[in-house]
Amino acid sequence: MAEAPRIQRVDEVRAQGRLAVVREFFRELIHLREQKWGNLWGYFFIAPAVIMYLIFEAWPILRGLFMAFSDYRWLVRETHGWKGFNGLDNWIEMFHDPTFWKSLGIAAKFTLMFMPTAFALALGTAVLISKVKNNFMAGFYRVVAYMPVVLPVSVAMLVWGKLYDVKFGYLNVLLQKLGVANPPNWLGSPKVALYSLVPPTIWLRFGEWTLLFLIGIYNINREVYEAAMVDGANGWQQFAYITVPLLKPVFTLVLVLGSGVISATVESMALFGGTNGGPGEAALTTGVYVYRTAFIHGDMRMGYAATMSLFLGIINMLITAVVFITMRTERA
Amino acid sequence: MTALARAIRRNLRPATLITNFLLILMCVVCLFPVFWAISSSLKEGIEIYRIPPTLLPEHPSLANYTWMFTRADMSRLPLNLWNSLKVTMGAVIIQCITATMAGFAFGRLEFRGRDLIFYLLIMLMFIPRAGGLMALYELMEFLHLRNSHLGLILLFPSAISVALFVMRQNFLSVPRELEEAAIVDGAGTWRIFLNIDLPFVRGGIAVVAIWEFIYVWGEYLITLTMLDFPELETVAIAVTKLRGWSSHFTSRIVTPYGTESAAYVVAMMPMILMFILLQKWFVRGLSEGILKM
Numbered sequence: 001m002a003e004a005p006r007i008q009r010v011d012e013v014r015a016q017g018r019l020a021v022v023r024e025f026f027r028e029l030i031h032l033r034e035q036k037w038g039n040l041w042g043y044f045f046i047a048p049a050v051i052m053y054l055i056f057e058a059w060p061i062l063r064g065l066f067m068a069f070s071d072y073r074w075l076v077r078e079t080h081g082w083k084g085f086n087g088l089d090n091w092i093e094m095f096h097d098p099t100f101w102k103s104l105g106i107a108a109k110f111t112l113m114f115m116p117t118a119f120a121l122a123l124g125t126a127v128l129i130s131k132v133k134n135n136f137m138a139g140f141y142r143v144v145a146y147m148p149v150v151l152p153v154s155v156a157m158l159v160w161g162k163l164y165d166v167k168f169g170y171l172n173v174l175l176q177k178l179g180v181a182n183p184p185n186w187l188g189s190p191k192v193a194l195y196s197l198v199p200p201t202i203w204l205r206f207g208e209w210t211l212l213f214l215i216g217i218y219n220i221n222r223e224v225y226e227a228a229m230v231d232g233a234n235g236w237q238q239f240a241y242i243t244v245p246l247l248k249p250v251f252t253l254v255l256v257l258g259s260g261v262i263s264a265t266v267e268s269m270a271l272f273g274g275t276n277g278g279p280g281e282a283a284l285t286t287g288v289y290v291y292r293t294a295f296i297h298g299d300m301r302m303g304y305a306a307t308m309s310l311f312l313g314i315i316n317m318l319i320t321a322v323v324f325i326t327m328r329t330e331r332a
Numbered sequence: 001m002t003a004l005a006r007a008i009r010r011n012l013r014p015a016t017l018i019t020n021f022l023l024i025l026m027c028v029v030c031l032f033p034v035f036w037a038i039s040s041s042l043k044e045g046i047e048i049y050r051i052p053p054t055l056l057p058e059h060p061s062l063a064n065y066t067w068m069f070t071r072a073d074m075s076r077l078p079l080n081l082w083n084s085l086k087v088t089m090g091a092v093i094i095q096c097i098t099a100t101m102a103g104f105a106f107g108r109l110e111f112r113g114r115d116l117i118f119y120l121l122i123m124l125m126f127i128p129r130a131g132g133l134m135a136l137y138e139l140m141e142f143l144h145l146r147n148s149h150l151g152l153i154l155l156f157p158s159a160i161s162v163a164l165f166v167m168r169q170n171f172l173s174v175p176r177e178l179e180e181a182a183i184v185d186g187a188g189t190w191r192i193f194l195n196i197d198l199p200f201v202r203g204g205i206a207v208v209a210i211w212e213f214i215y216v217w218g219e220y221l222i223t224l225t226m227l228d229f230p231e232l233e234t235v236a237i238a239v240t241k242l243r244g245w246s247s248h249f250t251s252r253i254v255t256p257y258g259t260e261s262a263a264y265v266v267a268m269m270p271m272i273l274m275f276i277l278l279q280k281w282f283v284r285g286l287s288e289g290i291l292k293m
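Residue numbers (our numbering), protein chains in the order written: chain A, 1 to 332; chain B, 1 to 293.
Treat the hints loosely; a few may be bogus.
Claimed, not checked - Cβ-Cβ distance ranges computed for the label pairs, FRET-style:
{"hint": "1", "chain 1": "A", "residue 1": "Phe95", "chain 2": "B", "residue 2": "Phe126", "range": "46 to 52 Å"}
{"hint": "2", "chain 1": "B", "residue 1": "Ala206", "chain 2": "A", "residue 2": "Asp231", "range": "19 to 25 Å"}
{"hint": "3", "chain 1": "A", "residue 1": "Met229", "chain 2": "B", "residue 2": "Pro14", "range": "16 to 22 Å"}
{"hint": "4", "chain 1": "A", "residue 1": "Glu12", "chain 2": "B", "residue 2": "Asp228", "range": "43 to 49 Å"}
{"hint": "5", "chain 1": "B", "residue 1": "Pro230", "chain 2": "A", "residue 2": "Arg222", "range": "51 to 57 Å"}
{"hint": "6", "chain 1": "A", "residue 1": "Lys248", "chain 2": "B", "residue 2": "Phe126", "range": "30 to 36 Å"}
Treat the hints as calculated values from the structure; they're not laboratory data. Bear in mind that the values here come from a model prediction, so they are computed numbers and not experimental data. C-beta: ideal position from N, C-alpha, C; glycine also.
For reference, chain B alone in the conformation it holds in the complex (with noise of 0.2 Å):
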């Protein structure tokens, strides 16, 4: 018997295909509401009110997208995204530096009180944060940082212990013979992080840097509490504003229907790419922080 036809005698037995039928019946489920959300955008003028609503679109068309990256008069998403894009790339660069520097002190240096402190930060996440949103606002409100988007850059690196361990653990992984011969070359703690640990941890930066990446992209209750200005308003926020002519009345901004799931599509999109892109460090990111928690 060829190998190919092992193969598919292999493939053809009952459990294969009973495995291989439910789990594409859960990708179908898993993937609908974004293929209707895309397939929505693509929609063009009239066809978005047709009842019943068709599956595929009749005319796919760009219009929906042109219409939210050209009228400035009627779309803020460009400015959304680009709100959305400042804090999430300012809230990774403090995350991976302060995150960085802690874990290669708790995870390589002695000095006096280290696990004091270390259990200190662990017993604080066993506290239930009651009001911890209501004493936010007024901490925020206190040193002027609500309404600014130094603000929430600021905030969301400060939920530090996810990251903290993922680093951690990667600093405790280096190698010690490495660091003692540095010593014996008389390096010190500076020559002994850049030069000899950085490079080991570059897999647990990219790691923290991923999930506060989509953390703070999809970030929705701090900052809607925090900003009070449409023009401030990040695209996790300034979705939840669009409403079509046909539901809502409270909107502030009107637009057309299908433009709504195009400003959905394009809210999406940078977080699926992201994703498929780099998908073993998602992994390595649950095995090492959520799975050591």
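This is chain A alone, in the form it adopts within the complex (with noise of 0.2 Å):
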């Protein structure tokens, strides 16, 4: 159990990126019979791990790729394993399916509204808790904003659909006493419906962002901002100037996970309470659209529901891919 610097070699590969990995991966792979057999007990120790993560990730990973080069409909047998290949049939369906453009857009609006706004809110919010100074107060402030983290998503969005009841619920009350004559049906309106599953999504997810930006904040050094200090720096320099350079490892994090919220399937779901994408399939994000054309409509399509999503994994790609090139941080 020697050679500790070969073992950090892995971290330090992962941290080139992914063209790193790739080619460290067929290096190792060329001189794997140069290598001594060791310690036999290391093959026993990851068994039960990697032979659950080959079963039951990497295998549907796999067939999820050629499934979407099939007509793949769970309840027609004839269209089973390789029988229902069609090549480019699916993709040229897909992009002739005004359903599948329309929950893209939605997908998209969706993002577009809940990104920044989430990013503004958590990136504020760790810079406010880390101005206070009084220990106990930081960290009542910190467990708050995490608190909505760990709910489970289906409960958080079902609390939020009391809180929209037009009837019932406390949200028009409040409005109302704040002076809007006429609020929204929330969640029964098509024109609002979108709209209502920003803050849900947004209070759901901000606080996790927040402590990552958090803990990118504690971890610059105190003097970095001493000697700015000393050099005259506002508060507003030190964050233009220190804090958001500092900080941008953090910012890509973020924005890769962010961009997974694309598809918005559970939240959609469990707060319009089904498939049917909200009033008037307005709130019909294509995670939802893939999710009904797999399991709900007609003879269970998946293999184009899996054309579809892995259309969308692929913007997903793109997307994570411009923001290692526009953050230029070495981590990928």
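Using the supplied hints, reconstruct the complex from the two chains, each of which is provided in its own coordinate frame.
This is the structure in structure tokens:
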């Protein structure tokens, strides 16, 4: 059990990005036979995790890739396995499917409303909490901000559904007290349904980002700020020239985590009580449409659903790549 | 000037006041939905149907909770809670064992192909999970693990990546001198794993357990897809099927409006209590797991 430096090498490669990992994978593969067998108990110790990972994670990923190129319908036996292969037909259908494009537009609109707001709120809250000198209060704020994150998504959405309720919910009472004459029917009107989805989602996720930002800010050396204060930098300048640049790696991480929201499947399904995507399908995000195609409608067209979800995955990968390139950090 | 007066003056500076005011506003917004659920769950009978609704219950009562737990003919909540507990505990135990063992091997042992396998696991995380849920449905049907809690208990801990990184990182920080001394004394791999390294990584195991608990307790989409029968449902699924008399007709169970809120509170409370009691482990999970990904 010696050779510490070799073990740390894996972390160095990981920090260099995805291409480095792929390159090292093949380098290891070529030089595999030159390695010593070493401690054979190693295989025993990794076996449970690796076997479970291969069966329940790796196989569905590979199977899903194949499924995206077949006309696989769960309830039609003839389309199972290799027989369903239909080349690019799914993709052609997808590009001509108005519901798909509409759902993608809804997902994009939702993400564009959600991401900047949640990002700004989380960063603002983190900066404010970092300014609190009193340890007890700072701890209290951290706990409250993070609490929604640990709640089950479905329950959190249902609680919001109760709050939104036109007759018995409190939100509209509050709005009327504040002077809004005709508060909207939040979950019942196609015009506002998608907007109603945004606040609960922010509420549910921004705490995690706040804490990630906060860990980043706490990790910035106090002396950097003190030096800046000696040089006469005001609060805003400290934020713009110290906090923001040094938080870049955390920004990257949060943007990547956040781009996963683009499908917003669970949120939408729980808040609107089903796979209809709310009134008039106004909140039918692509994730919900995929779920409906695969598990609810017709003869369960899993192949077509896999195609759409692969397309979504590729979009997500592109977004991630753009984030990494623009943020120019080493991690990928 | 006394220390107290200094402290008061510092806290009354305009910047501090604005900071605290904004943060308290944040707290109110964050807590209000949970507060509303608790408040509604304590309203008895007709008060819940009052228009406009009251902010606090006039006559707080636990009637909704007793209804949930005693009307076995109408409410499946105790069964759902038991299902949730079963699946969650099973997944947590398996995740802790597999992640600890694998973390030890990847962080501490030398064997042929170790780095190769590790790179492979990392590479698989890059590939988009197209049709993962559909393929999972097919796989679980093939293995006869659909509609079974065992299936879920095996499925959830398979997403090993975060837990593996946490455990590997923890094993890497065990002092090497201890192991070397033990090897001189003739200790084998198992002795080193159980007697020397394991006490050092207890914190890491706690982090893994807590994160898995939160994840499985709240998991919705996979659980919903894998279970067809109401008797098998976990709490996170069951609450979505409760509908008050007032709203939808598609429900399977009809319950008085206030009991829904009571069910939400019952489903949330284990998470909230656990979080408040164990918060330091959450921060460790974020800094050792997610930030290291």
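Hint check results:
1. The hinted window of 46 to 52 Å between Phe95 (chain A) and Phe126 (chain B) is violated, with their beta carbons roughly 25 Å apart.
2. Taking the beta carbon of each, Ala206 (chain B) and Asp231 (chain A) are about 43 Å apart, not inside 19 to 25 Å as hinted.
3. Distance hint check: the CB atoms of Met229 (chain A) and Pro14 (chain B) are about 18 Å apart, consistent with the given range 16 to 22 Å.
4. Checked against the given bound of 43 to 49 Å, the beta carbons of Glu12 (chain A) and Asp228 (chain B), roughly 48 Å apart, stay inside it.
5. Between Pro230 (chain B) and Arg222 (chain A) the C-beta distance comes to about 56 Å, which sits within the given range of 51 to 57 Å.
6. Checked against the given bound of 30 to 36 Å, the beta carbons of Lys248 (chain A) and Phe126 (chain B), roughly 21 Å apart, lie outside it.
Violated hints, listed in ascending order, are 1, 2 and 6; each of the other numbered hints is respected by the structure.
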